[in-house]
Amino acid sequence: MLAIISLMTLGLHSGSTSMFHSASEDQATARSVLVRSEKLYVTPKRVIEGGALLIQDGVIVQIGRGLEAPEGARVIEGRVVCPGFIDAWSSFALEENAFEDDRVGRATRASDALDSYVDPRFEQQILGAGVTAYRVQPSAGARAGGLGAVVRLHPGKRADQSTLLADCCLAGGIGLARDGRAVDVFDRVGEIDRWIGALSDGQAYLEEQNEYRHELEEWQKKIAEKDKELDEAFKKAKKDREKAQTEAKDKGTEFKEKEYKEDKKPKAPRFDEDKAELARVASGELPLVLEVHRALEIRSLLEGTKRFTRLRLAIAGGTDALECAEELKARRIPVIVWPQPTVGGRPEEARVKGMGLAAALESAGVEVILGSGAAAGIGSRDLPLLAALAVGHGMQSEAALAAITTRPARMFDVSDKVGSLEVGRQADVVVFSGEPFAATTQVRFVISGGDLVVEGR
Amino acid sequence: MNVFTASTRAAAIAIGALLLSANAAADGKLAIKAGKVVQGPGMPEIDKGVILIENGRIAAIGADVKVPWDATVIDAPKLVAFPGFVEAHSARGMDRPNENIDPAAFLSVRDSIDPVNFYFEDSLRWGITTINIQQGNNCVIAGQGMVVRPMGITIDEMTVKTVSGVKLSATPKAGMSAATQAQALRKAFGDLQRYLEQLVQEKKDGNDRARREALFQGRDLEGENAKGRAMEGSAWKVAGLELIPRGEIDEKQVPLLALVEGKLPAFFYCGRPMDVHRALEVARDNGFLARTTLVISPACYKAADVIAEAGVPVVLEGPVVFTETDPLTGAETEIFVPGELKKKNVRFALSSANTTTESLWFQAAQCVGRGMTKTDAVASVTTIPAEILGLGKQVGSLEVGKAGNVLLFSGEPLSVTSWVEKVVIEGKEAYDRSKDVRVKHLMAGKAPANTQAMGGSASAEKKVVCCEGEDPAEHAKHLEAEAKKKDKGEGEDK
Amino acid sequence: MLTWILGLGGVVAAVPVQASDDHGAQASFAVRAQHLRLFGNEVVHDGVLVVENGKVRYAGDAKRAGEIGHDVIEHDGWLSAGLVACRSYSGTRGDTLEGKRPLTAEARIADVVALDHVDFERALAAGITTMVIAPSAANVVSGATAVVKTHGASFVSREAHLALSFSDSALRFNRYPTSYMAALGELENALARPSGVWKRVADGKLPVLLDAGSRDEIQRAVRFAKDHKLQGALSRAPWAGELADDVKQSGLAVIAGPFDVGTAERSLASVVALAKAGVPLAFGVDAPWNSEEGLRLSAAMCMRAGLDGRTAWESLTSTAAAVAGAGTRVGKLVSGYDADFVLWSGDPLDLTSRVVAVYVDGQRAFGGAE
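Residue numbers (my numbering), protein chains in the order written: chain A, 5 to 461; chain B, 0 to 493; chain C, 463 to 832.
Looking at chain A on its own, in the form it has when it is part of the complex (with noise of 0.2 Å):
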């Protein structure tokens, strides 16, 4: 099937070019891309052998096997082609004040915080790694951290030019340390509750926006009503009042007008930023991260969102997530795994909370995605190597892969962008000399929005 349609594209495409020679023709075959591979991964599930990737002016205009490259066309070749990974907890670009903010809210943009300054060659980096996009947050481990952003790395675009979605979840985190001192059990119970009531807060928010909305619908009929009734009896009410007047004068009395009662206009409820944001959240149009880590809170986070039921909730960090995996699995709530190895603690232990937590989630049936948690900001640099290291402890490569490009691109609802190479998409696509998770495998090109970045070593 994939052939005849290579084929047909094929010969449709060598029509046009003898038909229109002319000099922009041979301009746009001139940014033509053709990449060839031994092993295609449109997703991780779809695989095509000796697959090919067709891109014109940075956009992917052809998948299949056996395509010709276009006159003037560039040819790369590589062992494996991958859509460009995506690291789904990141803090890369973000301004230095952004660590320390005590007054970061719900509202705060992460597109805000991106420093469109920062050294490109720190971009370059990234990309060489394979990493072509990334999630942020307005505040590292804040509380309420606000609204994140997923932005594509392009070293000669900024931030702002690169950002593909700019508010794609609400993030926060419960019993994190703060200045180093560990926050006790009292506090973090006292955060959860904050949250859920944020959550209501939102939900009422919302209600009142609608309620008002609605009240307000009437009040207007009802007055227009009125408005029309008065004009009718405007002439009547006229001579009564005259007549009023003169009975008033003779007698020797004060006139007094008719007293007029309507209806009050209904309030509008006040603007507040944080909260309409909430209730974005509550209704589930954005999606929320919470880090957490302890089984205890993970619980009560659970058992305190079970009533919102549009909410989109993912669990960041997540270290006892696997002591709620029941639950996590029901309700389909990914967790965003950082891989890191451990320290301290008993072998055994050390190994399934660390490296081998996302291999131990997914096997009890949690969505498992994959981030550089954060830790510094050139770290996501190395989320291949974090992937291999949860492959080492059990994790299936294929979901390792899905686990850095199909799944956050789906959480955070870029997939109409990124994380699977797709036709009439701007290229987001790494070519690599062997399996992406080998250790002897080297990145050879990389293509990010469309433009080759990273040129083979």
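Check each hint, because a few of them may be wrong.
[Unchecked claim] Here are some chain A residues the structure puts well away from chain B; computed CB gaps all over 10 Å:
| # | residue |
| --- | --- |
| 1 | Thr47 |
| 2 | Arg78 |
| 3 | Ala186 |
| 4 | Ile200 |
| 5 | His218 |
[Said to hold, decoys possible] Just a few of them, taken from the derived set where beta-carbon distance is under 7 Å, the chain A residues facing chain C:
| # | residue |
| --- | --- |
| 6 | Pro345 |
| 7 | Val347 |
| 8 | Pro351 |
| 9 | Ala380 |
| 10 | Leu389 |
| 11 | Ala392 |
[Claimed, not checked] Derived list of chain C stretches under chain A, where covered just means 3 residues or more per stretch with a C-beta under 8 Å from a C-beta of chain A:
| # | region |
| --- | --- |
| 12 | 575-589 |
| 13 | 764-776 |
| 14 | 802-813 |
None of these hints come from the bench; they were simulated from the model.
Where a beta carbon is used, it is the ideal one built from N, C-alpha and C, also for glycine.
Mind docking chains B and C on chain A? Use the hints.
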């Protein structure tokens, strides 16, 4: 309670003395005869030129100007006349430059400027005759600034322009980050818009209700004229604002409204290149880009192309040479910032803030030393800041019709070895170095009158306190006499 | 690679017998694995390792092994020498720093290492069989390092290097010395009239471990080693690669790392540059403050930055063993060496592989039944 310490008291007296001697000049007419007159950037220099100032303005300037018989003459054949320097942005001279609350556009520096602050006295030494005082950079939206002359004991005497513009900052206030700063800026304007819309809506509702009431009561309702003014603005408007008399608008919001309507200039501080984008975005979104001047730190040279594209001028606050450290290799590079700005065609004024020297002519000289033309360098401390402050027709160069702000330099104006010998502000002699007691103290080791050397000494015991309770005019004469005696090598040892 | 034919002629009958868990004190058995990672970059497919009395008897192609007269364990994966970490603080319970005196040449970290500590179990779980335990680098002369096996409670050496520090972490404001000058003066003094430990260093019998951070510190350390003809290794030296030629000339090795997620590219590039210049490399793991798994992660990060596989493997095993002063005992699967080896699920250089079982001196130290 005596607010003034001994030194400020001495300063007050010193300034007063200087002023009084100035007031002794003829009412309105002053002629300055200088060995050379430098009129301004790119203008011809006049050898043995004469500047005639009448009623504060330059009436004539040239080599053969007729000096009226009743004019006071300053004969300075060895000195070079130069236009007074213009400081486009300064946060000094106030008791506290920064305010705590975020949107504080309704505040004014008028309430914090301290006329006897040492800064004003010092400005005269450096030949700065026009100063725009704005609030500090640690703010979101700070108050309104004003342009002053460093002369006078009251704010009124000092005022040149009552409102010079609103101060904003794109750089995070202490404790905030770029994200929360952006949020706060947006909130300020968002709140303004919501507030105005609410006002208009309430008015409309009130009018509607009044109309219905009249109908009900059988009254004819007189038409109400809109007592307000429609909102002007290039970025956003609130329809129906003409229904609201301007006096009813919360005075705290009025300056922001004026800003959005393009009626107030804005001084927007940017400490980092990324902040430049934020500032321009906020200014554009709220319609005051055309009246914005960016106050930038040297690091912002990286955003020069963006600034040039927006077409706004900048005030460069800080050293003209910026040392950049490569984040990857640690290597250091020196960047000549005004050179970079000039390359990208950004209009810039230099500032004496945040540098190791307060001398604007030294900064200009540094620019010339690094390849800038003298014209451009001089313009950046005279005519360009004057234009930025909207005073391009009043100050910045020595031309007929402009204010008589003249400096007399001991030598070539951009030379490091030159000093400002005299300063004339609007025809009044504001400073005379030969009478500057502090400089004498510094250079010759003599303490100013009515002060005591630290730690005390035997000679201090002998000090005759002559100035306590003395009439200022008498004291002025006393000081002059003292100065003459010292020049001759005599005099009391104080 | 040695070929050793056991027994006389006949058909090779490697009977796959499920060996018992417990091996005697004098362990003798064989392991047949799908892949054997040997010295250098050599990989043998279908290889066998023969252990006799806790030492390696033969490691190589199964076909050339001939008849094996021992129980053979089958392993569906890779087998390699155990990893050697050249800097760690495992088992010391934090007692690595003398706070009052900056020069304690006679101190020995071996005196405070608890060989039964859980730190070593974690190290085993990460495939590490030999570790250099060092005193803290926050003193100018902190004492002697020790080399331990992570199982079997044994020291390979109680005095492997003398640990010296050229970095500013050894200079404190509240006690002597506070300047580089004084610190160097003390070191020169010690070598001018050497006695005890210093005598052994001066005679070339005891190598040194030189901790250095900044470029200046590295240059001073290298010069010091050259001047006094000292052998040993630089420790940490994050940007030593920018002085690769000087380091090479001095004959010093470099113990790099540990590298964690987010390590600057400059540090990784330094390692690659050192390898290119031919400087012997090893990695430190700095446990328990850092994870023991960081050893392989450090190597993997350097490989991503351009380090070739062969050097990476040697830096984890043979070269590391030589730096530790145990180069004739561990780090290679060669006849006569200690039978310290690891069974992996895949190529140990790949992070996608994990430890299945670890053997030290022929004893199973970690890992469940096959």
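Interface hint outcome for Ala380/A [beta carbon to chain C under 7 Å]: 3 Å, holds
Claimed clearance of chain B by Arg78/A, with the beta carbon kept past 10 Å: 29 Å, holds
Three-residue Cβ test at 8 Å for the coverage of the region 802-813 of chain C by chain A: n = 6 at 8 Å, threshold three: holds.
Stated coverage of the region 575-589 of chain C by chain A [criterion: 3+ residues, CB within 8 Å]: holds (count 5)
Coverage of the region 764-776 of chain C by chain A, judged on three or more residues with CB within 8 Å: holds (count 5)
Supplied contact hint for Val347/A, tested at 7 Å Cβ to chain C: 5 Å, holds
Interface hint compliance - Pro351/A to chain C, C-beta minimum distance less than 7 Å: This interface hint holds because 4 Å falls under the 7 Å limit.
Minimum Cβ distance from His218/A to chain B greater than 10 Å, as the annotation requires: Given a closest Cβ separation of 18 Å, the condition holds.
Outside-interface status for Thr47/A - nearest CB in chain B farther than 10 Å: 34 Å, holds
Interface hint compliance - Pro345/A to chain C, C-beta minimum distance less than 7 Å: Hint on Pro345/A: holds, closest Cβ of chain C at ~3 Å, below 7 Å.
When the least beta-carbon distance from Leu389/A to chain C is tested against 7 Å, hint result: This interface hint holds because 6 Å falls under the 7 Å limit.
Separation of Ala186/A from chain B, once the least beta-carbon distance is taken, above 10 Å: Per Cβ check, Ala186/A is outside 10 Å of chain B; nearest 23 Å; holds.
Consistency note: the structure conflicts with none of the earlier hints.
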